[in-house]
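Chemist: The whole structure should be built from the sequences, with the hints applied where relevant.
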Amino acid sequence: MSKLPAKIVKVDYLARVEGEGGLFIRVKDNEVKDVKFRIFEPPRFFEAFMRGRDYSEAPDITARICGICPVAYQMSSSQAMEDAFGVQVDGQLRTLRRLLYCGEWIESHALHVYMLHAPDFLGYEDAIQIASKYPEIVKRGLEIKKIGNELMTIVGGREIHPINPRVGGFHRTPLERELKPMIEKLKWALNASLETVKWTSTFNFPDFEYDYEFVSLRHPEEYPITGGRLVSNKGLDISVQDYEKHFQEIHFEHANALHSEHIGVGPYHVGPLARYSLNFDKLSSKTQKAAREAGLGKQCFNPFKSIIVRSVELAYACEESIRIIEQYKRPEKSFIEIKPKQGTGYGCTEAPRGILYHRYRLANDGTILEAKIVPPTSQNQKTIETDLYHFVKKNISLPEDKLTWQCEQAVRNYDPCISCATHFLKLEIEHE
Amino acid sequence: MKKKAKPKLAVWKFSSCDGCQLSILDCEDELLAVADAVHIANFPEASRAVVKGPYDISLVEGSITTPHDAERIHGIRRQSKLLISIGACATAGGIQALKNFCDVKEFISAVYASPEYIHTLSKSTPISDHVKVDFELRGCPVDKYQLVEVLNAFLNGRKPNTPHYSVCIECKRRGVVCRMVAHDQICLGPVTQAGCNALCPSYDRGCFGCFGPKETPNTSSIAEYWSKKGISNRDLIRTFRGINAYAKEFRLESESHE
Ligand code: SF4
Ligand code: SF4
Ligand code: SF4
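Here the protein sequences line up with chains W and B, keeping their order. Residue 0 is where the first sequence starts when you use numbering that gives the first Met the number 0, and the numbers rise one by one after that. Residue 0 is where the second sequence starts when you use numbering that gives the first Met the number 0, and the numbers rise one by one after that.
No lab work stands behind these hints, which were simulated from the structure alone. The structure presented is a predicted model; accordingly, all values stated were derived computationally and were not measured. Be a bit skeptical, because a hint or two may be false.
[Claimed, not checked] For each label pair, taking beta carbons as the anchor points, the in silico distance ranges come out as:
| # | chain 1 | residue 1 | chain 2 | residue 2 | range |
| --- | --- | --- | --- | --- | --- |
| 1 | B | Arg233 | W | Ile249 | 32 to 38 Å |
| 2 | W | Arg291 | B | Arg76 | 52 to 58 Å |
| 3 | W | Asp241 | B | Arg233 | 44 to 50 Å |
| 4 | B | Asn217 | W | Gln240 | 46 to 52 Å |
| 5 | B | Asp183 | W | Glu325 | 34 to 40 Å |
Virtual Cβ for every residue (Gly too), placed ideally from N, Cα, C.
Modeler: Laid out in structure tokens, this is it:
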């Protein structure tokens, strides 16, 4: 039998992801020998230097882990602190947090769908190239993104590293008249997002599915964003407090980020695909209909179709924001007074890229003694490598440049955030 | 007449959260115009396409934290006509400079199960500690309008119009009621460089210094004022030791309360 030449797929610096990473895949005798999704973003040591800081500083400090999803960090850390102090933030304050988070979903999903992921499907190197041919499409994406940013600015003070959220609520709650003008804009964005669902559903998707364990939050009444229990399609159903009993992080030499696994089970998948597949019933009828018309079932196992699912979530977040603003009454107090006490607190919310878990151990006066943060990308890292392994195995005969590009795309399916994961990535494929 | 080639712009990343370069993509209204005015030659967060240097303008985000990056920045300097560092990470070491005050070896073993895989320098330092920087734009994140102003200025060969006075001036201009005087809150506004339009005070909280020290800040006088009001040394240290902990004036002030 004649041997196929060995190949190496190597991407030194993965583009259109947040942070620094690469890919390395080695194929020999028609077999995938090695797959490494490498993270070379330098470690930033948040968990270490948070020790000794005050609990109240956690939202401002942890926001700086990621410029694309700072709200996720602010919300998970605040929740963890509130959990430790036995404080419940509910009513309009909780809803306002959901609204701010919707702004982040809109901004982040629009950025990923239009600027980072769509170019792969259309064969362009970036959105600016798309704009030279289809300016209206790129402008639509930018306009949706802008509306998400405006929402974040009103509720959070600014779009990157909002300054308004605090443990217990907000420094200042928006006036009704500050929020109401957003309704008209969001209605436009909702329609534009529904158009986005239609547009992305026309792309060519590689025929690739995998039997993932999807993990996401699940809430009795809501599509999950700010809370719920942790569930999976393989029978997991636990409280956030029990997260570390079921998931652990492992450190490999090729990445400055930790890999998570479901203890005794293996890699798992977090993010839009997981949320959607576990919570389809909680979407609005309008977004369910849009998803069906785009050819999606109640669950989706093709990671390349995450772009459609993200667009569905984009529409959902616009709709939800409208609903929240329409019924918004400014709460009397902008935050709940905190009395620090010794203890441990847990928080988990749905960042645009998936569940973000925080745990803090606190001293009597609210000083942080220990911090643990598990971002979505480190949870997905092993799953990304698993995808690459199976994808390359299936497509081994593709020409090298095409295979390389599709491998990059397979990584971008996850909208990986390398800065988050190192508190992440690099592809090289080696055909020996 | 021959058409002038568009200036080549590169965006580089070191240790950071990507927030400052995201500010470029957040200029939704200006983005396509910027892409028209310059040739985006290297911007991996936004594009797969890479055009070789030299570059007319390099925007550098992030701080230097690894031996490899300490080397890499010199190569970037050599390829860049103008080098502009953006954000608190690039201009002051960033939030990750909080490690500069601690024992890094102990840090590594606190975060990573196999510390031997990690290569890091003991300090997180600004770009200007390593190479000549033509302009520093402050903020965590940088203000996108200031960023557009800086690019515009350099493309047109003029000096950027960014203020060096304090956040207090912005408060006065906006008519924001002072958090310190009226609410007895700690506010770093008097010693922090303007640029955010007094954002935090307008949201009912004190400034925490994300734009770094203003020109010639009197940090000891404000620290003394707070001490007299009963603020503890622990709180003084953590106030000055935030997003811009390693900026000289804030660092010295925090150290003087240890
Ligand atoms: S200065 Fe702030 S926003 Fe900019 S890269 Fe650093 S942490 Fe992110
Ligand atoms: S609130 Fe802060 S920044 Fe504003 S005037 Fe008072 S001290 Fe200055
Ligand atoms: S007020 Fe201070 S902390 Fe707030 S955004 Fe402005 S410079 Fe940053």
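Chemist: If a hint holds in the structure, say so; if it doesn't, say that too.
Modeler: Structure-based check of each hint:
1. Restraint check, B:Arg233 to W:Ile249: a C-beta distance of roughly 36 Å satisfies the suggested window 32 to 38 Å.
2. A beta carbon spacing of about 55 Å between W:Arg291 and B:Arg76 agrees with the range 52 to 58 Å that was offered as a hint.
3. Remark: the range hint 44 to 50 Å for W:Asp241 to B:Arg233 is contradicted by a beta-carbon distance near 34 Å.
4. A hinted range of 46 to 52 Å for the beta carbons of B:Asn217 and W:Gln240 is consistent with their spacing of about 47 Å.
5. At roughly 38 Å, the beta carbons of B:Asp183 and W:Glu325 sit within the given window of 34 to 40 Å.
The earlier numbered hint that this structure contradicts is number 3, and it is the only one.
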